[in-house]
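Enquirer: In the order they appear, the protein sequences are chains A and B. Here the first sequence is numbered in this note's numbering, starting from 32 and rising by one per residue. Here the second sequence is numbered in this note's numbering, starting from 648 and rising by one per residue.
Worth flagging that the hints you see were computed from the coordinates, not collected in a lab. Mixed in with the good hints, there may be bad ones.
Unchecked claim - So, partial list: chain A residues that the calculated Cβ filter (under 8 Å) puts toward chain B:
1. Gly47
2. Leu49
3. Arg53
4. Tyr56
5. Asn72
6. Leu75
7. Lys80
8. Tyr81
9. Val88
10. Gly90
11. Phe134
12. Gln136
13. Gly137
14. Thr141
Each residue gets a CB set at the ideal place from its N, CA and C atoms; glycine is no exception.
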Amino acid sequence: AQSVTQLGSHVSVSEGALVLLRCNYSSSVPPYLFWYVQYPNQGLQLLLKYTTGATLVKGINGFEAEFKKSETSFHLTKPSAHMSDAAEYFCAVSGQGAQKLVFGQGTRLTINP
Amino acid sequence: GAVVSQHPSWVICKSGTSVKIECRSLDFQATTMFWYRQFPKQSLMLMATSNEGSKATYEQGVEKDKFLINHASLTLSTLTVTSAHPEDSSFYICSVRSSYNSPLHFGNGTRLTVT
């Protein structure tokens, strides 16, 4: 069984500040981990993914995440927030083969000017 | 460009009627498509896995007779909400995968409102 916990349903940062969105997972098999972004009334767009190999993965729009097995975490970061980053972010986990995804509860990111 | 096309983007229907939502894979053949449901300010919940040429696999608690899924071709899956009720009002999103191990591509979703 797999599950995802996103710490903080709402995160607010100032423009130019560091963005940190937290994700912890539980998986009985080696996990595949994903971060998706959702803008209002739209589907989800893949930001980045971890399957195997390098634990620090870089994605689109300047985001990156680090897989830490010992901490069962996959936190998402961006050094400098931009107004366009305001959206809902979902962390997700699956087993090998990117089969069924299990999503976290989502974190709404607000950027203050 | 878009990889997945979902139609309609929004629909309003009366209680008791049926609504069909289409999900098309534009860039590749998709043997498997997934249907998710998202309530306001909540996460996505997998409803069913749609397999081309065979019956869909439904998640626990999802009524297969109410949410009919048809995956008749490698590029099209449809979700029909039958005898819709106001509690079926939600945001429905489909996703496709081009191959084993590839990430999911999502459609833009369909907002269903049942009055």
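Enquirer: For each hint, tell me whether it holds in the structure or not.
Expert: Going down the list of hints, with the structure as the test:
Given hint, Gly47/A at the interface with chain B, is violated; its Cβ is 27 Å from that chain's nearest Cβ, farther than 8 Å. With its C-beta approaching chain B no nearer than about 25 Å, Leu49/A sits outside the 8 Å limit, and its interface hint is violated. At about 15 Å, the closest approach between the beta carbon of Arg53/A and any beta carbon in chain B exceeds 8 Å, and the interface hint on this residue is violated. Among the interface hints, the one on Tyr56/A is violated; its C-beta lies about 14 Å from the nearest C-beta in chain B, farther than the 8 Å criterion.
The interface hint given for Asn72/A holds, since its Cβ lies 6 Å from the closest Cβ of chain B, which is under the 8 Å cut-off. Among the interface hints, the one on Leu75/A holds; its C-beta lies about 4 Å from the nearest C-beta in chain B, closer than the 8 Å criterion. Because the smallest distance between the Cβ of Lys80/A and any Cβ of chain B comes to about 5 Å, under 8 Å, the interface hint for this residue holds. At about 11 Å, the closest approach between the beta carbon of Tyr81/A and any beta carbon in chain B exceeds 8 Å, and the interface hint on this residue is violated.
At about 12 Å, the closest approach between the beta carbon of Val88/A and any beta carbon in chain B exceeds 8 Å, and the interface hint on this residue is violated. Among the interface hints, the one on Gly90/A is violated; its C-beta lies about 11 Å from the nearest C-beta in chain B, farther than the 8 Å criterion. Nearest Cβ of chain B to the Cβ of Phe134/A: about 5 Å, under the 8 Å cut. The hint holds. Interface hint at Gln136/A: satisfied, since its Cβ lies 5 Å from the closest Cβ of chain B, which is below the 8 Å cut-off.
Given hint, Gly137/A at the interface with chain B, holds; its Cβ is 5 Å from that chain's nearest Cβ, closer than 8 Å. At a threshold of 8 Å, the smallest CB-CB gap from Thr141/A to chain B is about 14 Å, leaving the interface hint violated.
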